[in-house]
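Peer 1: Residue numbers (my numbering), protein chains in the order written: chain B, 1 to 108; chain V, 1 to 119.
These aren't lab readings, by the way, just hints derived from the structure by calculation. It is possible that some hints are incorrect.
[Unchecked claim] Here are a few chain B residues that face chain V, going by a calculated C-beta distance under 10 Å:
#1 PRO7
#2 LYS9
#3 GLN38
#4 ALA88
#5 ARG95
#6 LEU96
#7 GLY99
[What the hints assert, rightly or not] Simulated crosslink set (DSS-like; lysine-lysine; CA at most 30 Å straight-line):
#8 LYS15(B) - LYS41(V)
#9 LYS73(B) - LYS57(B)
#10 LYS57(B) - LYS41(V)
#11 LYS9(B) - LYS41(V)
#12 LYS22(B) - LYS65(B)
#13 LYS22(B) - LYS41(V)
#14 LYS41(V) - LYS20(V)
#15 LYS57(B) - LYS22(B)
#16 LYS55(V) - LYS66(V)
#17 LYS57(B) - LYS15(B)
#18 LYS41(V) - LYS64(V)
#19 LYS66(V) - LYS65(B)
#20 LYS20(V) - LYS64(V)
#21 LYS20(V) - LYS73(B)
#22 LYS9(B) - LYS22(B)
#23 LYS66(V) - LYS20(V)
#24 LYS55(V) - LYS14(V)
#25 LYS66(V) - LYS41(V)
None of the values given here were measured: they were computed from a predicted structure. We put the beta carbon where it would ideally sit given N, CA and C, even for glycine.
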Amino acid sequence: AQRVTQPEKLLSVFKGAPVELKCNYSYSGSPELFWYVQYSRQRLQLLLRHISRESIKGFTADLNKGETSFHLKKPFAQEEDSAMYYCALETSGSRLTFGEGTQLTVNP
Amino acid sequence: GAVVSQHPSRVICKSGTSVKIECRSLDFQATTMFWYRQFPKQSLMLMATSNEGSKATYEQGVEKDKFLINHASLTLSTLTVTSAHPEDSSFYICSAIDLLRGLSFNGYTFGSGTRLTVV
Numbered sequence: 001a002q003r004v005t006q007p008e009k010l011l012s013v014f015k016g017a018p019v020e021l022k023c024n025y026s027y028s029g030s031p032e033l034f035w036y037v038q039y040s041r042q043r044l045q046l047l048l049r050h051i052s053r054e055s056i057k058g059f060t061a062d063l064n065k066g067e068t069s070f071h072l073k074k075p076f077a078q079e080e081d082s083a084m085y086y087c088a089l090e091t092s093g094s095r096l097t098f099g100e101g102t103q104l105t106v107n108p
Numbered sequence: 001g002a003v004v005s006q007h008p009s010r011v012i013c014k015s016g017t018s019v020k021i022e023c024r025s026l027d028f029q030a031t032t033m034f035w036y037r038q039f040p041k042q043s044l045m046l047m048a049t050s051n052e053g054s055k056a057t058y059e060q061g062v063e064k065d066k067f068l069i070n071h072a073s074l075t076l077s078t079l080t081v082t083s084a085h086p087e088d089s090s091f092y093i094c095s096a097i098d099l100l101r102g103l104s105f106n107g108y109t110f111g112s113g114t115r116l117t118v119v
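Work out the full structure, taking the sequences as your base and the hints as a guide.
Peer 2: Structure below.
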């Protein structure tokens with residue numbers, strides 16, 4: 001069965017420091033992976049998807065099939081990056097399986 | 001960009017009554033809608049997938065007679081929690097996608113969620 005694991009429920013960094021949010025997946029098919037962000041009192045928003053290989057708000061994520069990982073990285077964190085981040089895996093029927101989420105706090 | 005409107009944002013109902021939650025795609029055709037449930041400090045759990053004009057497909061463990069889903073048009077899906085009980089209290093979120101245009105068009109667009117409290 002498919003599974004998405006985000007090992008860190010809470011992550012705290014200082015402004016300007018690099019940040020990496022970890023995501024590992026388990027899936028027998030070809031993975032389609034996403035990162036979603038939820039700012040305080042707002043709905044889930046797509047941050048990036050691996051198929052587009054974009055960099056959004058300075059964030060990047062590379063799919064590593066060997067390590068079954070899709071870690072989210074940003075070289076210099078900003079206070080406005082504080083939010084809940086979810087890694088998600090698309091499976092059959094276009095369904096999304098979400099990880100538990102990581103609450104990122106960027107301190108001034 | 002694509003917008004999904006979900007109503008109501010909060011609802012309190014008495015045990016035994018039914019509650020309907022609406023999810024509308026405002027500027028695109030939602031060929032497929034998904035309904036999720038989220039418990040406090042936990043992730044989103046997919047409850048069911050609905051394709052316009054078809055019966056919903058429920059995930060394992062989700063009671064289809066309790067959580068009635070209707071997707072009669074390309075812009076509207078509803079989730080009705082029937083005979084609600086306190087254990088049904090949760091945050092319900094819908095998501096919509098236009099599969100005819102493919103994932104590259106909009107991807108999944110989420111509603112703002114409905115906080116259901118059953119007393």
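Peer 1: Keeping to a limit of 30 Å between CA atoms, is the pair of LYS66(V) and LYS65(B) held or broken?
Peer 2: Roughly 39 Å between the alpha carbons, so the hint for LYS66(V) and LYS65(B) is violated.
Peer 1: May I ask you to test the interface hint for LEU96(B) with respect to chain V, counting a Cβ-Cβ separation under 10 Å as satisfied?
Peer 2: LEU96(B) check passes; min Cβ-Cβ to chain V is 6 Å, inside 10 Å.
Peer 1: For the pair supplied as a hint, LYS22(B) and LYS65(B), is the alpha-carbon distance within the 30 Å limit?
Peer 2: holds, 14 Å
Peer 1: For the hint on GLY99(B), just tell me whether its beta-carbon gets within less than 10 Å of chain V.
Peer 2: holds, 6 Å
Peer 1: With a cut-off of 10 Å, does the beta carbon of ALA88(B) approach a beta carbon of chain V closely enough for the hint to hold?
Peer 2: This interface hint holds because 8 Å falls under the 10 Å limit.
Peer 1: Regarding the pair LYS66(V) and LYS20(V), is the alpha-carbon distance no greater than 30 Å?
Peer 2: holds, 12 Å
Peer 1: Verify the proposed pairing of LYS41(V) with LYS64(V), using a straight-line Cα cut of 30 Å.
Peer 2: holds, 25 Å
Peer 1: For the pair we were handed, LYS55(V) and LYS66(V), check the Cα-Cα distance against 30 Å.
Peer 2: Given pair LYS55(V), LYS66(V) holds - Cα atoms ~15 Å apart, limit 30 Å.
Peer 1: Does LYS55(V) pair with LYS14(V) here, judged by a C-alpha cut-off of 30 Å?
Peer 2: holds, 28 Å
Peer 1: With a cut-off of 30 Å on the C-alpha distance, tell me whether LYS20(V) and LYS64(V) pass.
Peer 2: holds, 14 Å
Peer 1: LYS41(V) and LYS20(V) were given as a pair; does the straight-line alpha-carbon distance stay at or below 30 Å?
Peer 2: holds, 24 Å
Peer 1: Under 10 Å, Cβ to Cβ, is where PRO7(B) needs to be relative to chain V, so tell me if that hint holds or is violated.
Peer 2: With Cβ-Cβ at 13 Å, over 10 Å, it is violated.
Of the numbered hints stated above, those contradicted by the structure are hints 1, 19 and 21, listed in ascending order.
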